[in-house]
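A.B. asks: Start from the sequences and build out the full structure, keeping to the hints where you can.
The listed protein sequences correspond, in order, to chains A and B. With the first letter of the first sequence counted as 1, position 94 gets the number 94 in the numbering used here; the numbers rise by one all the way through. With the first letter of the second sequence counted as 1, position 65 gets the number 65 in the numbering used here; the numbers rise by one all the way through.
The hints are simulated quantities; they were obtained by calculation from the structure and are not laboratory data. Watch out, some of these pointers could steer you wrong.
[Said to hold, decoys possible] In silico DSSO-like cross-links for lysine-lysine, where the CA-CA straight-line distance does not exceed 30 angstroms:
1) B/K60 - A/K137
2) B/K66 - A/K137
3) B/K5 - B/K18
The lines below spell out each chain.
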Amino acid sequence: MPNTERYPFLAGDATLGEASFRPYLPFTLVHQQVSIAASGLLDTGASVNVLPYSTGVELGYNWERQTTALSLTGNLAQYEARVVLAQAVVGQFETIQLVFAWTQATNVPLILGQVNFFMEFDVCFYRSQLEFAVSPKALLE
Amino acid sequence: MVSSKLISTLRELSRSDKFYIMQFLISELAQQETELIKPEQAYPVWSPYGADEAADTMLKALQATKAQNHA
Chain A
1 MPNTERYPFL
11 AGDATLGEAS
21 FRPYLPFTLV
31 HQQVSIAASG
41 LLDTGASVNV
51 LPYSTGVELG
61 YNWERQTTAL
71 SLTGNLAQYE
81 ARVVLAQAVV
91 GQFETIQLVF
101 AWTQATNVPL
111 ILGQVNFFME
121 FDVCFYRSQL
131 EFAVSPKALL
141 E
Chain B
1 MVSSKLISTL
11 RELSRSDKFY
21 IMQFLISELA
31 QQETELIKPE
41 QAYPVWSPYG
51 ADEAADTMLK
61 ALQATKAQNH
71 A
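C.D. replies: In structure tokens, the structure reads:
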């Protein structure tokens with residue numbers, strides 16, 4: 001099992017060049033029998049992981065069945081959000097469980113935040129080299 | 001793409017002209033940086049900063065599910 005994997009920053013807007021590069025992590029989201037390829041924005045300032053509404057629907061979640069409501073902040077405060085859990089596969093690492101604030105907003109990126117992505121993975125950013133490195137959290141003996 | 005002809009021309013410049021070119025390029029880069037954020041335009045910030053209550057609720061939901069799976 002490799003300890004660290006490196007990924008490139010990706011351009012959000014080709015016309016803006018290097019200024020638009022963002023740390024998007026490619027990974028797989030799994031819920032029950034549904035598996036989708038996702039791209040998550042690594043956002044160390046975000047308190048929580050955020051799942052856009054359309055991605056949640058694609059994964060097979062039913063809004064009415066998610067009973068735990070959340071109040072988010074910033075631009076997301078105007079949208080209802082509910083708690084959902086999914087399995088996530090990052091690179092060659094072991095599958096982990098991620099908890100998301102599933103928002104009704106659709107034009108939001110999939111955000112990977114402190115709870116609980118950064119509790120599961122250590123990430124080192126090399127912005128000057130347009131790369132970042134991801135490794136699973138160290139397990140204490 | 002920087003051509004070899006341009007590099008050759010730059011090499012032939014005097015020391016003072018090289019300094020001038022360097023200052024010119026730094027000024028150009030600084031100008032481009034300021035142009036990235038345009039006035040009178042909205043830039044949405046989607047990050048849920050400081051959503052600590054939501055984070056707490058989500059952690060409890062995660063822990064409850066893990067406890068249920070281990071039971």
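A.B. asks: Hint by hint, note whether the structure agrees.
C.D. replies: To see whether the hints hold, each was checked on the structure:
1. Between B/K60 and A/K137, the direct Cα distance comes to roughly 20 angstroms. Compliance with the 30 angstroms bound is thereby established for this hinted pair.
2. Only pairs whose Cα atoms come within 30 angstroms are accepted, and B/K66 paired with A/K137 is accepted, the gap being roughly 18 angstroms.
3. A C-alpha spacing of about 16 angstroms is found between B/K5 and B/K18, which places the hinted pair at or below 30 angstroms, so the restraint holds.
Every hint from the earlier list agrees with this structure, and none is contradicted.
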